[in-house]
Structures are given as structure tokens and as C-alpha cells.
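Chemist: Residue-level listing of the chains:
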Amino acid sequence: MGIRLLAFAVVRRVDGRRTGAAGWPAVVVLCLLAALAGAGGASAVRAEDLAVIVNAGGSLTSLTLPDVRALYLGERQFVGPEPVVVLHLPEGDVKAAFLSRAVGRTLKEYKLHWLQRVFQEGATLPTVVAGPEAMVGVVATRRNSVGYVPASLVRDTPDVKILFVVPSP
Amino acid sequence: MSVTGFTAGFAFAFLLTPVYGESPPPHDAEGLRQTIRSLQDRIERLEAVQSLRDVEQEHEELRPRFGLNLGVFGDLNASSTPRGQQRPAFGLGEVGLYSTARSGDRLTFLFEAAIEVDEDPTEFDLERYWVGYAFSDRLVVRAGRVHTAIGHWNRTYHHARYFFPTIDRPFVLAYDWVLPTHLVGVEFAGTLRRGPTSLQYELEIGNGPEIDTVNRALKVTGDVQDRARSKQAALRIVGRHAALPGLTVGLSGTTYAFDVPSLRESVIGMEVARSGARVEWIAEGWRLANPSAVAWAGYLQGAWKLREATAPFARFEWLETDAADPYLGALNAAVDRHQLIAGVRHDVDPLHSVVKAQYRRDSRADDHIRHMAELQWAFGF
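Same order as they appear, the protein sequences are chains A and G. Mapping the first sequence onto the working numbering, position 58 (from 1) lands on 58, and the numbers just tick up by one. Mapping the second sequence onto the working numbering, position 69 (from 1) lands on 238, and the numbers just tick up by one.
Because the hints were derived from the structure by calculation, they are not lab data. In this text, a Cβ means the ideal position worked out from N, Cα and C, and glycines have one as well. Do not take every clue at face value.
[Claimed, not checked] With a straight-line cut-off of 35 angstroms between C-alpha atoms, the simulated DSBU-like cross-links for lysine-lysine are:
(1) G:Lys474 to A:Lys108
(2) A:Lys111 to G:Lys400
(3) G:Lys388 to G:Lys400
(4) A:Lys111 to A:Lys161
(5) A:Lys108 to A:Lys95
(6) G:Lys474 to A:Lys95
(7) A:Lys111 to A:Lys95
(8) A:Lys108 to A:Lys161
(9) A:Lys161 to A:Lys95
[As the list claims (entries may be wrong)] Some chain G residues close to chain A (C-beta under 8 angstroms, calculated; not the full set):
(10) Arg271
(11) Asp274
(12) Phe278
(13) Ser305
(14) His327
(15) Ala329
(16) Pro365
(17) Pro414
(18) Leu475
(19) Leu520
[Claimed, not checked] Here's a subset of chain G near chain A, in silico, CB distances under 8 angstroms, partners left out:
(20) Leu279
(21) Ala282
(22) Asp306
(23) Pro519
If we strip away everything but chain G, and leave its shape as in the complex, we get (with noise of 0.2 angstroms):
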């Protein structure tokens, strides 16, 4: 036979598969019984699945849900000279904990702490710690503590370095300092869509932070009885486009208020974000104002992709301020300064793990200029 007969024939033989091509019907009585028992004990082994997954799915649903999915980031540093050091040291970052849990559609709950391990003693603190529910894109209402709505970066990245394109927070935005970038409260958040165009909200209120004197740092109240003045408000609103994706246009704005020393601070931001494939850039400015005086804080921030897993970048970032400024004097931040970061984001395993390495030129006026090199290995497992 032909090749071509052949694979004609086998073809047409393929057509007929749907009709024929089951195993020959049963034509006598026995035939017809064997049949018939052969799928009653099939229904009978089916529905015994069947009912023993109905079982496991009620113990699913009785299992606790949260801790299942506990995950950990952490980040260990080398740096030349770290301020207030002479000598290169190593350092041991926060060791991040986070897991997250669901019921249904609407309910969510999320929890992050961090164990910082070079402080003495170790710290344990809890970061985020929210509850929330979700009516629609509209409205999704959280409570307990987030990070403070003002402004891209605070919102975007949280405790987990390994995700920072670079080795740590802009200065302005560190921890217990400047900005508030932790609140207790209550969040309203959600998005409105008009064509393609879309709005994004968040709207917190919360306990006023408080300046620790000791320390010279900005406290959360966190406990029930707030003991700040008065509560704060944040509100951040972002804008976007859909023939721009990736680009945000955003502002926002807290105000927040003091028994010692006695003042009230206003903060507006304005950020605008750009992240692609290849290229990712941001930039954010505040203005923070009280009766006294007026400081200015903000950032330009560029990370380009130049391999895959290879991503060099750079950041400037400044603060500067009235020397009289009742606020910053109190966190040991009224004095200009300006920092210049460039260096290199490599993913080692690019779910789990990069290191990071940059040299960085700290002036602040009330100190000689500082020229650091860091290194740094972030990891999220």
C-alpha cells in the first residue's frame, strides 16, 4: 500500500473514532448484566470519594487558617563605615515575619513583625497587624496597623528589603523618624474606575504619633488609650491612566499634632512612579510644615534592567530644613543633608534571594561628608 493510501485510510478510520472507536457494545443479556454491574460498583467507588472529600472539607474549614502560610524576610549587611562608626562591621537586619489569612472573598487578615536583631536587647516588634474587609474595589475597610498613607514608597514597600531595589528606605523615610510611617487606626481604600482612567483612595485615621524625648524618636501610640494631643489623618489619592500603564501620578497629605513640644505638623507629598519592564524610576517630595517653620524632604530614584537578573540604580535624596525647627529639633533632624546612592541590584534565585551592592555619599551639615560602600544579602522564603 501507498503511503498515501495508507494515511488515508488510517485518517478516515481517525474520523470515525468518535462513533466507533469505544469498545463494541455488549450484544447479549450476560453481556448487558456484566455492564450494568461493572457501573454500579464504579457509582458505588465514586460516591465513597465523594464522601470522604465532603469530610475533609469540613475539617478544612475547621483548621486554623492562620499560620499556614507563614513566611520570612530578612537581610545581612556589610558596610565600610557606617555613621557613627570608624570601621567596617557587619550587620544583622530585621528578621521579618508575615502571614496572611482569608475567609471567603472579603475577609482578610495580615500580620508582619520584625525581630531586630542588632539592637540591644533584640526588639520584637509588630510592623503591620490588620483586619479587613473588602465591600468592593470601591471600598475595602482595614483596621489595626498599617503603613501611614503618605506617599509611594512607604505604601509599596514595607519591611521586607528584599524587595527595596536598593539596600535601605530613603533617609526621609526611616523608621521612627521624620515621616510617621506607621499608624493605628482605621483605612478606607478602594478604587474608582471611570473609562480608562482610575482613582485610587486611601484614607486612614489614627492615633497621633508622639515624640519620644529620650530617644529623640516618632513613636506610634498603639495602645487603646491614645495619649496624643489629637488623632491623625492621612489621605493619599493616585491617579492612572490606561494608555500609560505603569506610570502613578499621586499626592497626599497628613496632619498630626503634639503636647511636647507643643505644635501641630502638616505634611503634603507629591510622587510620581513609573514602573516597566526594563526601566523603574520614582520620585517623591514632601513639604512638612508647623507654625515655626518649613522643611522640604524628597528623592529621584532610577533602577534600569540591563540583564535579566542584573539591575544597576541610583538615588539622591535630600532634607532641608530651618535650623529653628521646633519639630525636626526634637527628632535630631533639623540640619540639611544630602545623600547620593548608585550601585547594583543582582537576583540570585528571583523569588527567594539578591544581593545588593552601593556606594553612598552622606553630607549633612552638621557632620564631614561620608563615603560608604555596603553590601547586602536579602532573602524571602
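Looking at chain A on its own, in the form it has when it is part of the complex (with noise of 0.2 angstroms):
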């Protein structure tokens, strides 16, 4: 996923836009030197893959799909007696991505989930952080917190736990 994720990089800072043809060749063994020299990493999780991540000192220990479809939608909200932080991203392409593989919900049918649950019993809504690397960050300082994020962010991340993968369509 590094590889791909870098060969973009490199190819929009070509000329601003994507080269044509005649700057592949150049681009390829970058990457290949890139993938050598450890950038791309042996990782088995594709761009599209979205990492369900907990801080590593937390109770969370293991969670499945139903899991994290009931801590998203506010029916899960503790893990024993311990409250869960639960975080989510701006409105954007990888949320809607989330919502829609791993809650099972568009953007609008999750709105009318919420405001329905906190008409129906104050239900706290999940904190939204403003990106993904502050998802990252907030997630490896919060004990019990859970959020997701593309995979590729989490490599190696100290305090910082994949759970579960919410695999590309």
C-alpha cells in the first residue's frame, strides 16, 4: 500500500498533474528503490483497507464487525465498566467509506440514526477529530478510545493497536 500511496505522491509532484505516459518508467523504479529501502514495508492490507484502531493500554482487547457496527451506532458504549471514547473522522470520503462497510449506513441514514437516539435517550455522539494522523494521535493518548483510519497510517504507530481490518469491497 506504501508503494501505491508513494507512486501517486511522486507522480502528482511530477508537473502538479498526472504524467502521461513517458514519466512511468521513472516512477516505477522509485518505487521499486522506495519499496527497497523499506518504505513500502511488507503489509498485506491494500490502500482501499480501513484499520480499526484502540489504544494499546486500553481494555479493547479484540473486536469483531458487530462490534464496531454497535459501538458506532451507540449501542455499545462501555467495555466492562469503562466508558469508550469512541472517534470519528470529518465528513469525507473515508467516513462514508467506514459507515457504509463496517455500519452498514450512508452518511444520511447514520444523521437520522443519531438524532433519533439522542431524541429517544441522550445518547452522547461519537467526537469527531480533524483527520486522520489526529485520529491517530488522539487515539494513541486516549485509554479505551477506538477509531479507524487507512491502514497504511497505523504501521508501527506506539500506542497504537489494529483490532480489525475493514477489508476494500
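Since each chain sits alone in its own frame, please combine them into the complex, following the hints.
Modeler: The following block contains the structure:
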């Protein structure tokens, strides 16, 4: 996945927009070099995969897809007696993909669900963080926090543990 | 330079950016002094900002937490021939105000009041009003006025018709009528999980309802001195399985007693509901029993999304009674009644406004069959 991201970045930086066919050989060579240097890493996850991450020191030690769904729908708020801090990204492609694949809702349906849930039982809305990097940072520092980011962002990140990978469709 | 060479060179420079991409380090003493002064200034600015944030945080904690999130729901209606009237009429529905407040992760407060503007005089009713403490997912304790745990609809839908799939509640769940929809007391609720299965429970103990013999209505006793002869208990258990997301199966029961008429009423309910992306259906039934008579009530309802914002719906409701039932007789309900509704709900603004149109066939054994066309514009802000 790192290779693909790097390739994309390099392509973008060549001339401000995607290069034509003539630029590709150099890009491919550079990407292979980068991969050999360790930037690509050995990972089975793909760029579209989303990692459900938790604080490594917290009590959330295992999660299934129904668990993730229950947490993000507000049906589950605790792990044992300890409250779980559920984190969301701002509205965008990653959030929409996560809601669709992990929670089974569109963004509109998800908002309506929470509107009703707040009205029904005064439920607390998940906290929205600034972006994927901030998500990793918050999860690293908040015990029992759970979030989701593109899987490439959490490789070897201290204090953050991937508990579940939501595969690309 | 060829495009390939240019690309390679540029990309190589890009790869080295993390190492040499920053501004060149100063090599002389004056440069280092400037850097230190710049960093000191930056630290001072950050400290000032942080101290301001600390003060703001302190103030935030002192601010009243209730009222910052006051929401309003309402509905406006029109009906061709409402029961009891002979001509079409417009109607102002309830205006509901609600707010929630929290302290930390465990203490929650919720308040919902309804202004019934079509009543004379206009009524202001406190519909839900409770404070709760969550020990864990397994145990949440709430005290106050809640919706009684007697089934899916009564626990899922409250006074905001904006959320209703249809224009109104099933008639057997009408407020202050056959089933006690509200309870003042204490509620213990939670979810017990084992593997893919979960059991949700709601146990309530509160003041028993009383019958308003003048208005023939079921009233919740909300004051401290409960005038009813006994307390009311209610229990609802709902099961879910991960393999069947959106499907719930549940049982509920409640019992309460009256001095006038002197009897104990026991209600047992069963519910099955499926909430999916396109199709939603609910089936609920109740057995209402007292020493003199037994009655059966229930409804089947289905709604399905044709398009993103449009959902046709249909519901069949029934109440089958014994004409000598003292409980239903006191509530002017000891008569068989069947109702069929069919209509469509359209989201004008999916989070704030819906319009609904429905046909209702209302068949009551002591009256002729009524056919009604109804419209509703419901909203929430």
C-alpha cells in the first residue's frame, strides 16, 4: 500500500498533475527503490483497507464487525465498566466508506440514526477529530478510545493497535 | 532534458526532502541566536494560548449544561373527516421541546415536554423527564418519567411524529387510553452479550396509573403521593443476533391495579421488528387480562423505500374485546375496532422535515365505518 501511495505522490509532484506515459518508467523505478528502502513495508493490507484502531493500553482487546457496528451506532458504550471513547473523522470519503462497510449505513441514514438516538435516550455523539493523523494521535493518548483510519497510517505507530481491518469491497 | 530524466530527478529530490527539505541550518553564532530567540517567542505565544484555553475550559465547566441543545419537534395536520367531526379540518399537532444534558460519561438527563395547542385550554405536558446513571452497558439506572417498557413502538417512538413512519401511533398505543404508555418511577436497563447474541432488558417499577372516570382516560400518577392502590411493574426483554442485523424479537409484560373500578390488569406483549436499509416492518400484539375479561390488540406495519426519500407504508391494527370488560369499559374502549391505513412518507429534508399522506379505514363496532384522507407535515429542528 505504501508503494501505491508513494507512486501517487511522486506522480503528483512531477508536474502538478498526473504524468503521461513517458513519466511512468521513472516512477516505477523510484517506487521499487523506495520499497527496497523499507518505505513500502511488507503488508497485506491495501490502500482502501480501513483499520479500526484502539489505544494499546486500553481494555478493548478484541473487536468483531458487529462490535464495531454496535460501538458506532451507540448501542455499546462501555468495555466492562469503562466508557469507550468513539472517534469519527470529518465528513469525507473515508468516513463514508467506513460507515458503508462497517456500520452498514449511508451518511444520511447514520445522521438520522443519531438524531433519533439522542432524542430517545440522550445518547452522546461520537467525537469528531480533525483528520486521520489526529485520529491516530488521539487514539495513542486516550485510553479505551476507538477510531478508524486508512490502514497505512498506523503501521508501527506506538500505543496504537489495529484490532480489525475493514477490507475494501 | 527528457521528460523521463526530469521526472527521475525531481522525484529523487522529493525522496530526499525529509532529510534536507527544511530551511538551511544557520552556521554562525548570530544565526543560532536568532533561531533561539525565534523559538523562545514561539514558546511564549504557545504558553499564552494554552493558558487562555485553560481559562476557557474552566469557564466551560461552570456554564449551565442544560438548554444549550434545546430541540423542537412539531406537526401540522389535515384530515378529511376526523372521528367525531363531519367536515374536513386542519389541526395543529403537538409542539415538542426536548433537551439532553450529560456530565462525564455516565450521568445523563433528558427532558421532553409537549405543548398541545389543539386542546382547550392549551396544555403543557411533561412527557419524559429523567436522570440516568450508566454503570456499564449491562446496567443503566434511570429515575423519573419514562415511556413504559411495553413494546417496540412505545420505546422507539416518543412524541416527535417526525420520526414516525406513519402519521400517528397505532390507536391501541394512543396516549392516556388502553395501554399505560408512561410511567413515573425507576428503570433498570441494560444489554447482556454472549458471543453474537445480545439480550436487552428494561425493568421498571413505578406509580400505577389511575382511571380518570370523567374523561374516561388512563392517567399517570406523577406526584409523590401515589393515589393508586398499587405500584406498576413492567419488564421487556429483546433479543438480537449478529447474523440477523436489524431484527429484534421481544417479550414484555406489565401489571397494575385500580381502586375504581376495583381490578388488576395484566398485559403481556410480543414484538418482532426488522429495521433494514430499504424495508422496515413491525409486528406487535398484546393480551390484556383482568379477572373478568380478556382482550387482544395488535398491529402489523410495513414500510419500504421506493427511492432515497420516499417510502410507502401500510398498517393493520385491531382491538378485540369483551363488551363486559370493566377495564376497557371504563376507558370507553370495550368495543371491537379494526383499522387499516396505507400511505406514503416523503423526506423533504431528511434531517428536518417530512410530509406524509395516508388513507385510513376505521371500523368500530359501535359506529359506522369511516374513511379518511390525512396529511401531515412534521418537522424537527
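Chemist: With chain A as the partner, please determine if Ala329 (chain G) meets the hint condition of a C-beta pair closer than 8 angstroms.
Modeler: holds, 6 angstroms
Chemist: Does the structure keep Lys108 (chain A) and Lys161 (chain A) at a Cα separation of 35 angstroms or less?
Modeler: OK: Lys108 (chain A) and Lys161 (chain A) at ~30 angstroms, within 35 angstroms.
Chemist: At a threshold of 8 angstroms, is the proposed contact between Pro414 (chain G) and chain A supported by beta-carbon distances?
Modeler: Pro414 (chain G) check passes; min Cβ-Cβ to chain A is 7 angstroms, inside 8 angstroms.
Chemist: Please verify that hint: Leu279 (chain G), Cβ, nearest Cβ of chain A, below 8 angstroms or not.
Modeler: holds, 4 angstroms
Chemist: Given Leu520 (chain G) was flagged as interface, is its beta-carbon under 8 angstroms from a beta-carbon of chain A?
Modeler: holds, 6 angstroms
Chemist: For Lys474 (chain G) and Lys108 (chain A), compute the direct alpha-carbon distance and say whether it is at most 35 angstroms.
Modeler: holds, 14 angstroms
Chemist: Hint validation: Phe278 (chain G) versus chain A, beta carbon distance must be below 8 angstroms. Holds or violated?
Modeler: Holds - the Cβ of Phe278 (chain G) comes within 8 angstroms of chain A, reaching about 7 angstroms at its closest.
Chemist: Measuring from the C-beta of Asp306 (chain G) to each C-beta in chain A, is the shortest one below 8 angstroms?
Modeler: holds, 5 angstroms
Chemist: Given a cut of 8 angstroms on the nearest C-beta pair, is the interface hint for Pro519 (chain G) held or broken against chain A?
Modeler: holds, 5 angstroms
Chemist: Would you settle whether the hint for Ala282 (chain G) is holds or violated, based on the nearest Cβ-Cβ distance to chain A being less than 8 angstroms?
Modeler: violated, 13 angstroms
Chemist: When you check the alpha-carbon spacing of Lys388 (chain G) and Lys400 (chain G), does it fall within 35 angstroms?
Modeler: Cα-Cα ~14 angstroms, so holds.
Chemist: Would the hint on Pro365 (chain G) stand, with a C-beta cut-off of 8 angstroms toward chain A?
Modeler: Holds: closest Cβ of chain A sits about 7 angstroms from Pro365 (chain G), inside 8 angstroms.
Checked against the numbered hints given earlier, this structure breaks hints 2, 18 and 21; the rest are met.
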